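Peer 1: Sequence:
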Amino acid sequence: MPKLLLINSAKNYGSTGKIVEQIGLLANSKSWETCLVHSARYNRPSQLKCIKAGNKFSENLHALMALLFDRQGLESRCTTRNVIKQIKKFNPDVVHIHNIHGYFLNYPLFFKYLIESNVPVVWTMHDCWSFTGHCTYFDMVGCDKWKNECHHCANLANYPKSLFFDRSTKNFKLKKQLFTKLNNIIMVPVSEWLAEMTRQSYMSKFKIHVINNGIDLNIFRVKETHLRTDLHLENRFVVLGVSSNGFTGRKGFDDFIKLASLLPSDYQIIMIGLHANELKRLPSNILARMQTTNVNELVDYYNLADVFINPTYSDNFPTTNIESLACGTPVITYQTGGSPEAVDEKTGVVVKKGDIQSLANAIIKMKEHPLSSLDCRNRAFNKYNKDKRFEEYIKLYNSLLKHNNMK
Numbered sequence: 000m001p002k003l004l005l006i007n008s009a010k011n012y013g014s015t016g017k018i019v020e021q022i023g024l025l026a027n028s029k030s031w032e033t034c035l036v037h038s039a040r041y042n043r044p045s046q047l048k049c050i051k052a053g054n055k056f057s058e059n060l061h062a063l064m065a066l067l068f069d070r071q072g073l074e075s076r077c078t079t080r081n082v083i084k085q086i087k088k089f090n091p092d093v094v095h096i097h098n099i100h101g102y103f104l105n106y107p108l109f110f111k112y113l114i115e116s117n118v119p120v121v122w123t124m125h126d127c128w129s130f131t132g133h134c135t136y137f138d139m140v141g142c143d144k145w146k147n148e149c150h151h152c153a154n155l156a157n158y159p160k161s162l163f164f165d166r167s168t169k170n171f172k173l174k175k176q177l178f179t180k181l182n183n184i185i186m187v188p189v190s191e192w193l194a195e196m197t198r199q200s201y202m203s204k205f206k207i208h209v210i211n212n213g214i215d216l217n218i219f220r221v222k223e224t225h226l227r228t229d230l231h232l233e234n235r236f237v238v239l240g241v242s243s244n245g246f247t248g249r250k251g252f253d254d255f256i257k258l259a260s261l262l263p264s265d266y267q268i269i270m271i272g273l274h275a276n277e278l279k280r281l282p283s284n285i286l287a288r289m290q291t292t293n294v295n296e297l298v299d300y301y302n303l304a305d306v307f308i309n310p311t312y313s314d315n316f317p318t319t320n321i322e323s324l325a326c327g328t329p330v331i332t333y334q335t336g337g338s339p340e341a342v343d344e345k346t347g348v349v350v351k352k353g354d355i356q357s358l359a360n361a362i363i364k365m366k367e368h369p370l371s372s373l374d375c376r377n378r379a380f381n382k383y384n385k386d387k388r389f390e391e392y393i394k395l396y397n398s399l400l401k402h403n404n405m406k
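Note that numbering that gives the first Met the number 0 has the sequence shown beginning at 0, numbered continuously upward.
In case anyone wonders, no lab produced these hints; they're calculated from the structure. Note that the structure is predicted; figures quoted are calculated from it, not measured. Don't be surprised by glycine CBs; every beta carbon is placed ideally from N, CA and C.
No farther apart than 30 angstroms at their CA atoms in a straight line, the calculated lysine-lysine pairs in the DSS-like style are these:
id: 1; residue 1: K382; residue 2: K204
id: 2; residue 1: K172; residue 2: K111
id: 3; residue 1: K175; residue 2: K146
What follows is a set of in silico ranges between Cβ atoms, one per label pair, in the way DEER data are often shown:
id: 4; residue 1: K279; residue 2: T228; range: 20 to 30 angstroms
id: 5; residue 1: I114; residue 2: F380; range: 38 to 48 angstroms
id: 6; residue 1: E115; residue 2: E32; range: 19 to 29 angstroms
id: 7; residue 1: R288; residue 2: K180; range: 44 to 54 angstroms
id: 8; residue 1: N293; residue 2: N117; range: 39 to 49 angstroms
id: 9; residue 1: F68; residue 2: R198; range: 25 to 35 angstroms
id: 10; residue 1: S371; residue 2: K401; range: 42 to 52 angstroms
id: 11; residue 1: N234; residue 2: K364; range: 12 to 22 angstroms
id: 12; residue 1: F163; residue 2: K257; range: 32 to 42 angstroms
id: 13; residue 1: R198; residue 2: H225; range: 40 to 50 angstroms
id: 14; residue 1: N90; residue 2: K206; range: 18 to 28 angstroms
Go ahead and model the full structure; you've got the sequences and the hints to work with.
Peer 2: Below, the structure is given as structure tokens:
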């Protein structure tokens, strides 16, 4: 039985954690033995065999060094050596990388192992970290230094935040030196936008194969909900926003507040996934909910909504967009990253990033000329079924395994 090693900062938590869990379970069903390396911080129950990297103390120390000295990914040496020992015992035939930033892994040590072992690698790109000297996204600051060489980083205030030092040039050179030494690797951006960014970076030397995110269409579906009655919203046009980790910064928190002052009184904004400090800043005409781990409750909110909005300032291919479509709810998104790729003219609207008046106008027009719930569901069914999307990974694993065995 071939062996697959998955690596992600989160275990069955958030969009990437759930995606990795589903890929691992599918691989198990296709006669692959799987094992997941994950951090201690985002650690939910999993059906996969797992290797936990370090503990919360080691992660907090790593995060502190990153905050003070811009050393994200350069700490956790002992943790990473221990993880590599366990990986060698597992002896994977294919390694599938997802998010390896997040203060839990020393990437120079890990890539030294990958280079020496020459194990085939699939790297799913959920953001831009692999080819920048610091950030996961550069849209908000309008930076393109990563195309040549990062320096004088304008994004130090954002994750992974650094207070005092700018190592962006050193980090860029180190990543380029390590990552481009891999010989047997396929890069998998989850959007066409990120594929194009990758082609403009030092990662362009590798094979690039786009695989969109997929979701469970048996969970995210059109269904009856009593929420409209329970929340006394019978005569309101409901506008929904969802985030798995708060809205401040790149997820458009301030835009929701401004939008609330532009919409007529018979419109109701609901925000799901807020942090406690964000709740205090909301105006009274926005209904707010903190993070929910109850996926059925989330599905109810998608079905309650008349439109889902995603005023994101930095993104790759937001899973929330396709979750909304699967529940029959059209999407309005900013022209940001790969976010517009989820919709077409029958299922959503794309507006200029930061143009809140155009966002409000699009919402009002959506009420006057609603889009078809059936078209939304059909688009999700045809393009974002997790079984079809993640089956593409199994094909990649098998092709890499076959190619490696022929050497």
